[in-house]
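**Student:** Dock chain B with the ligand against chain A, hints included.
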Amino acid sequence: MGNNVEERVAQFAINWQRLSGKIMRQDLQETLGEALSRALEVICTGVPEPAAIIAWEPFVQDLARTVRLDCQVEWIGRRASRANSIAAMASADIGINVAQWAVADTGSVALYVTPEATLYPSLLPKQHLVLLDVADIVPTVREGLMELRKHLPQLAKIITGPSMSADIEGQLQIGVHGPQSVMVLLWASDRN
Amino acid sequence: MSGRLPYDPRPWRVRRDSALGNSSMRDTLQRVAGRLSKAKSTAYGDYQIADKWRLAGVAAKRRAISQIDELVVQVIGEIERHGGKVHRARDAAEAVRCVVEVAQKNGVKLAVKSKSMVTEEIELNKGLEDAGVQVVETDLGEYIIQLAHEKPSHILAPAIHRNRGQVKELFDVEADRQGMAHLANADIEQLTQFARQQLRQEFLSADMGVTGGNFLVAETGTIVLITNEGNADMVTSLPPLLVSIVGIEKIVGTWDDLSYLLQQPALSGVGQRLSSYTTFVSGPRDESAMDGPDQWHVVLLDNGRRNLVGTPEESILSCIRCGACLNVCPVFRQIGGHAYGSVYPGPIGIVVSANLDPSMPSFLDLASQACSMCYACSEVCPMDIPLADEILTLRNHRVKTMAEPLLVRRTYEMWGRLWSTKAGYQKTIRIARLGQRFLIQKKKLRWAPGLFGGWLKTRDMPLIPPETFREWWAKTHGE
Ligand code: SF4
Chain A
1 MGNNVEERVA QFAINWQRLS GKIMRQDLQE TLGEALSRAL EVICTGVPEP AAIIAWEPFV
61 QDLARTVRLD CQVEWIGRRA SRANSIAAMA SADIGINVAQ WAVADTGSVA LYVTPEATLY
121 PSLLPKQHLV LLDVADIVPT VREGLMELRK HLPQLAKIIT GPSMSADIEG QLQIGVHGPQ
181 SVMVLLWASD RN
Chain B
1 MSGRLPYDPR PWRVRRDSAL GNSSMRDTLQ RVAGRLSKAK STAYGDYQIA DKWRLAGVAA
61 KRRAISQIDE LVVQVIGEIE RHGGKVHRAR DAAEAVRCVV EVAQKNGVKL AVKSKSMVTE
121 EIELNKGLED AGVQVVETDL GEYIIQLAHE KPSHILAPAI HRNRGQVKEL FDVEADRQGM
181 AHLANADIEQ LTQFARQQLR QEFLSADMGV TGGNFLVAET GTIVLITNEG NADMVTSLPP
241 LLVSIVGIEK IVGTWDDLSY LLQQPALSGV GQRLSSYTTF VSGPRDESAM DGPDQWHVVL
301 LDNGRRNLVG TPEESILSCI RCGACLNVCP VFRQIGGHAY GSVYPGPIGI VVSANLDPSM
361 PSFLDLASQA CSMCYACSEV CPMDIPLADE ILTLRNHRVK TMAEPLLVRR TYEMWGRLWS
421 TKAGYQKTIR IARLGQRFLI QKKKLRWAPG LFGGWLKTRD MPLIPPETFR EWWAKTHGE
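Those protein sequences? They're chains A and B, same order as listed. For the first sequence, counting from 1, position 77 maps to 77 in this note's numbering; every step adds exactly one. For the second sequence, counting from 1, position 242 maps to 242 in this note's numbering; every step adds exactly one.
Chain A extracted, bound-state conformation (with noise of 0.2 Å):
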């Protein structure tokens, strides 16, 4: 199988990249933690201190604790009610998911809503990064589409590219709605 990730691993970043996605690879010798770091205070460059960030899945959460940054965050997580939880999502610079899976030859990455997990991270900032499992790449839409038929929860979305639109003079404007910027985090568990 080794191989076959590799060679998914290289399509799915041509594939983001053309669409301007950003993609940065943990390497050999670092730990998630430390990858996040850097992927981190890459996107933090762009941000105002203190970044807020919404670290909401209890997977993120763990490896926040384990982030060091040189610029100063705020880390934004579960309040007391939806409410302000929304509330304060939505005053986020920047949002963190875990892809539930990524398709290779379109460049996308799958979020579910689950209990632990909600997608606002990837709507209401402006930058949005996910973090991916290289053992999850599919090599099309239809593996995906079969994983997402399995689970089926009440809201998912494909993600590919950043938030767009053309509608005036037909000029490609990024970041209308959702976020202007979107990075991939490549990290390889032990499913590996």
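Everything labelled a hint here was simulated from the structure, so no lab data went into it. By construction, the Cβ of each residue, glycine as well, lies at the ideal position given by its N, Cα and C atoms. Each statement offered as a hint is correct.
If we take Cβ atoms under 7 Å as the criterion, some of the chain B residues that face chain A in the derived model are:
1. V32
2. A157
3. E229
4. T278
5. V281
**Tutor:** Just chain B with the ligand now, kept in the frame of chain A:
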């Protein structure tokens, strides 16, 4: 039962001339439509499975139409099993009434909408506004035309007829209304960010979200929305109440069917393998989850669709609204969407409008007025809908029902009779040669009386020569 569609009461001449006079629209349209058409061919060209899947998708859509009654029953069962509520609407009026009732029952004051052609078809905004609900369009293009009180002019790029200066004027009025400063200039990026800020507040405070649907999967009761801006994700995840209005022809049987079709709208419409956001709604929010509505209502609209099932026209129900036929149409590229006088423009607009609502003569007229029979639309349609043949069928229907003015009919009849024989053809050439003597200006035919005048309004014709090839041949070689 046939449907009812809104129409522009202005006569064709007026609609056409006003479009042709809008040079900034024509420039943008030429550029954008040309770019999209090219992007489409490249996208399929270097993506081998795309065309195989497209064919599987065509088969899936055709199959769904033939099983539509069973699929409607199945999809209702699935949606309701997941906690959604389905309403069936036979026509536009019923659909609007249903949405208004849901809104009123829940005390809705502000509704946010993502782009949906079917809500234009039923004129939902008007219905909701009449009932005291404020409706905000959140797709950038739709937001612009809502401020301008206009209708979309392209199914993918609704504000394509307006340039940045005109957009700024609209936003300035909006800024005045809210006591804000005007934008410094008509920079497209600034205009986009202005809309982002304005609409962000609406998303967060709206009581109801309204969407259409690109696909509705019977097997799972899932609505699929394909967008680029992210507004549909706001609409489906933030407000406490969500209403999705979907024509019954959007139903596909299985998840497997969906997997073949999912990429086709983006591939054919904009030449991308997928749009930025593909959103799947399969039920209202679970207590334990953050995102999604507390209530989800789905309105299944007929409005003349069911009537077409089992007729030779049923393939037009396979349309995935990709816009490829608009982008490639030489008439659409010149006149844009408004001139059609229907919410559905372009080649598909001609066939859909006239078939869904046969009571409207101006829709039927489009088959003759807004088509050059070049067949580019049929060639480009990813769902293999024989668009040009359908337009021809409508033309036939016009002739059979004597919808043409008498003078036009008689002229064509006579022309047809004469040109069907060699002698008749030669006779018309001789008559025309005599006749043109009175019309020659600077060695060309530049005008003509009556019916023929239109031909020469924008082009000159070469003269019929003193001796035609046939006459020369007869003289030198014998008959
Ligand atoms: S008729 Fe065909 S080309 Fe035209 S919008 Fe529909 S699917 Fe696209």
